[in-house]
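Participant: What follows is the residue order along each chain.
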Amino acid sequence: MAPTPLTTSGPGTVSDGDRWALIVAAFDLNRTHRELGTTLVAVGPGEVTITLDWPDELGPTTSARWPRWVLAALLDHAASLASVAAAGAITLVGGTMNLGVDYLRPPVAGSTIEVIGRCDHLTTDVAFTTATASHPTAPDEPLATATSALGVLAHRP
Amino acid sequence: MTTVDDGQAVDDGPTTWHRAAHPVATGDAGLPWMGDDVADFVLPGHDGNIGNVERNSLHGGVIAGFLETAAAQHVEQLVGAAVETASFSTEFVREARVDDLRARSTVVRRGRRFVVARVEAWQDGPPLAVAIGHGIFRVVDPT
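Protein chains in written order, with the working numbering: chain A, 1 to 157; chain B, 1 to 143.
Treat the hints as calculated values from the structure; they're not laboratory data. Where hints are given, some of them may not hold.
Here are some chain A residues pointing at chain B (derived, C-beta under 7 Å) [stated by the list, open to error]:
(1) THR61
(2) TRP69
(3) ALA73
(4) ASP76
(5) THR91
(6) GLY95
(7) THR96
(8) ASN98
(9) LEU99
(10) VAL101
(11) ASP102
(12) TYR103
(13) LEU104
(14) ARG105
We put the CB at the ideal spot given by N, CA and C, even for glycine.
All chains should be built: construct the whole structure from the sequences, respecting the hints.
Facilitator: Given below as structure tokens:
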């Protein structure tokens, strides 16, 4: 289903239901995360939480590891969705312009990864975001943190 | 992913997990190639790596992960030990279409405990970079 962009005067002016529908529509546009099995968990004003369970196809947790690239993919996705949540429309947010990731500790095989993305500041041109990955069982022990900037395609009304 | 069709196992290609996890080192002739300070890689184009189906563009997270994985593989080959990424940054210069993405990793500094690498990716030749990455890799159990 094609997404229906919402018009809004800025963050906090969209109802919770509309915001959830908006992020679901944005989420559906990303084929990579649909294939990976990433799940949308929570949506707030400029904030999105996603999770990814350990996929059986990676093998037994005694010998397999999370792929090196998985945290970057999740952090980028959460940042992008948070920007849409802040902007209030899918069409206002363009691609990621940069993504910087600091890796604090490796993810544990078999454990779910949770990523919270936040849009910290939204201008007419750029959405500035931060994102943090952790295991839900240890939210105070982040696996990685990221900052990123995304292009904003049109001036908000 | 291997599926079963009428009792026959059918391999319909690598899954997203394995595609993105294993960028292929390649030389100009399409043969595996890895030098000391410079190494070339390719992430084959695949619909499963789309980040936005309306723009038909590659997912930025996949691009960043590809650059990081390529650089890490290069560094591991160079130092002969496993490495962990300490930090990695990616600048997305152009939108990437669903096509092969080639990358060249260059080791900028090789220390005993840390290695700094830079990676550039393109689809239409080196002058037109799609993304540029650089990272710091920690050598696990340096000898």
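Participant: Now, for every hint given, state plainly whether the structure supports it.
Facilitator: Verification of the supplied hints:
1. THR61: 15 Å, violated
2. TRP69: This hint holds: A:TRP69 lies near chain B, its Cβ roughly 2 Å from the closest one there, short of 7 Å.
3. ALA73: Constraint on A:ALA73 satisfied, holds at 3 Å.
4. ASP76: At about 3 Å, which falls below the 7 Å cut-off, the nearest Cβ of chain B leaves the hint on A:ASP76 intact, so it holds.
5. THR91: Cβ of A:THR91 sits 9 Å from chain B, so the hint is violated.
6. GLY95: 6 Å, holds
7. THR96: 4 Å, holds
8. ASN98: 5 Å, holds
9. LEU99: Nearest chain B Cβ about 5 Å off; hint holds.
10. VAL101: Holds. Min distance 5 Å.
11. ASP102: 5 Å, holds
12. TYR103: This interface hint holds because 5 Å falls under the 7 Å limit.
13. LEU104: 9 Å, violated
14. ARG105: 9 Å, violated
Of the hints listed earlier, those the structure fails to meet are numbers 1, 5, 13, 14, in rising order.
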